[in-house]
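Visitor: When you get a sec, could you build the whole thing from the sequences and use the hints?
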Amino acid sequence: MNTPHDPDAILAAWLEEGPTALPEPTRRAIAVATRTTDRSRRPFWMPQRRPMMNTYARLAVAVVAIAIAVGGAAYFLTPAGGKTGGPPTASPSLVPSPSALPSATSTATAAPTPTILAQQGSVFPGRYVTAFQPSLTITIDREVQHRCAPGFQCQGSINVNQAAWLDLEFGQPRIEVFINRVDKVNDPAHPGSLIDPPADLAAWIASRPGVTVITPPKGVTVGGLPGTQVDVTVGGKDVSIGPIPGVTDIGSGFAAGSTNRCIVVKVNGHQVLITLGAQDPFAASMAELQPLVDSIVWN
Amino acid sequence: MRTRLIERAREGDDAAFGELVDLDGDLCYSIAYRILRDPERAQDAVQQAFLLAWRELPRLRDPDSFGPWLHRLLVNACYEELRRHRRWSTHIRVLPVDGPGGPDPMVSVDDRDALDRAFRRLSPEHRAVFVLHHHAGHPLAEVADIVGAPVGTVKSRLHYAT
Chain A
1 MNTPHDPDAI
11 LAAWLEEGPT
21 ALPEPTRRAI
31 AVATRTTDRS
41 RRPFWMPQRR
51 PMMNTYARLA
61 VAVVAIAIAV
71 GGAAYFLTPA
81 GGKTGGPPTA
91 SPSLVPSPSA
101 LPSATSTATA
111 APTPTILAQQ
121 GSVFPGRYVT
131 AFQPSLTITI
141 DREVQHRCAP
151 GFQCQGSINV
161 NQAAWLDLEF
171 GQPRIEVFIN
181 RVDKVNDPAH
191 PGSLIDPPAD
201 LAAWIASRPG
211 VTVITPPKGV
221 TVGGLPGTQV
231 DVTVGGKDVS
241 IGPIPGVTDI
251 GSGFAAGSTN
261 RCIVVKVNGH
271 QVLITLGAQD
281 PFAASMAELQ
291 PLVDSIVWN
Chain B
1001 MRTRLIERAR
1011 EGDDAAFGEL
1021 VDLDGDLCYS
1031 IAYRILRDPE
1041 RAQDAVQQAF
1051 LLAWRELPRL
1061 RDPDSFGPWL
1071 HRLLVNACYE
1081 ELRRHRRWST
1091 HIRVLPVDGP
1101 GGPDPMVSVD
1111 DRDALDRAFR
1121 RLSPEHRAVF
1131 VLHHHAGHPL
1141 AEVADIVGAP
1151 VGTVKSRLHY
1161 AT
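Same order as they appear, the protein sequences are chains A and B. Using my numbering, you'd call the opening residue of the first sequence number 1 and step up by one each time. Using my numbering, you'd call the opening residue of the second sequence number 1001 and step up by one each time.
Note that these hints are calculated values from the structure, not bench results. Errors might be hidden in some of the hints.
Said to hold, decoys possible - Over 10 Å on every C-beta distance to chain A, these chain B residues come out as not near it, computed from the model:
| hint | residue |
| --- | --- |
| 1 | Thr1003 |
| 2 | Leu1005 |
| 3 | Glu1007 |
| 4 | Arg1008 |
| 5 | Gln1043 |
| 6 | Gln1047 |
| 7 | Leu1060 |
| 8 | Asp1062 |
| 9 | His1134 |
| 10 | Pro1139 |
| 11 | Leu1140 |
| 12 | Glu1142 |
| 13 | Ala1144 |
| 14 | Asp1145 |
As the list claims (entries may be wrong) - Computed Cβ-Cβ distance ranges for the label pairs, DEER-style:
| hint | chain 1 | residue 1 | chain 2 | residue 2 | range |
| --- | --- | --- | --- | --- | --- |
| 15 | A | Phe124 | B | Gly1148 | 34 to 42 Å |
| 16 | B | Glu1011 | A | Gly219 | 48 to 56 Å |
| 17 | B | Asp1116 | A | Pro25 | 23 to 31 Å |
| 18 | A | Trp298 | B | Glu1007 | 41 to 49 Å |
Glycine included, every Cβ here is placed at the ideal spot set by N, Cα and C.
Guide: Right under this line is the structure:
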């Protein structure tokens, strides 16, 4: 077999590899967002990109719809039921729409027994045991509704779920929770070297060049343990904090231009940094993420 | 026809905008995928770009400049994806692809690995220039307009990337 050696031809062929058609769910998500976005208002919302129902989801919706219909009919048709009159009205979310699942708004309830959080992928409301050490359990609930289009079933994304690093995000534009253990930090005096994290890690972070404190440090409680919370903005350059244990190719830090809420908690002798970030208005996004922080349990 | 669609969309016709998404969506996704090398993040970037386009379209004076303008929004959305992604991972997930867009037998496995590695080392700005010119076929002057850099800078980025 002849193998071509023309670099330009190889480059061109390599560049042509890969998908060329915009997936249908993305088209639909854009269409829905377009119909429901007021051009004069900022910020706009956007649904997540996977409003598709698979076969099982369709069946599940059908079963739930039938159950609701049968249950409602039974209730209103029995002598004791339906005193206020009238048949049950159909939920707006069950109005046929091309690909929408009924909205999960406020229906999420924490499972009594936590389930194990996947390493990556989608995440739905529930209570989860993460891979993080010190052992950490969280409850994901209404965060998945962040920027969720009406009629869509939205979910969060697990970016990373490792022993020293947990990263979850919700919606589009996103709100994000980034939790990492800080065993070492970069030595400001000797670039390239590492030192033990200072006792007051939050103050140390706040004092990094390029970091501006927008809300001074204050005491908080996370999972029953005392911590320190500080809100910071970052200037034109990324600010590096230090390595993430077990991760060789990247460390933790703050992206240039970002605004973040940092919460430092000492758990079983380990410094744990919880960073909340958002592309949306900061205060509102933090309020949306707070329940997730409040749900943390150190096991 | 296309100009009329853009004008209608600018006036608030979401159906017309939907037709523009149908017309331009594939190319936008194709560009975003090649800059980001990640299908899901490419989808996110395309969504961001089109939603911003819908919101900002009333401010677009010249309908003929819609294409480069949309690509500028797209490239900025890709930058944002890369900037955010860089913070938590350097592993770009490249999913296997089948069908017409699948691996080209012309490119050997070694070549592909080498190209993948080299491409990942490029800055977002270099990636964008490379893809816009070599894949999307934009002339250098138009690439310069899209990425907001002088033509000389674009040439130098292109030279570096190739």
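Visitor: Of all the hints numbered above, which does this structure not satisfy? Sort the numbers upward.
Guide: Structure breaks hints 5, 6, 9 and 18.
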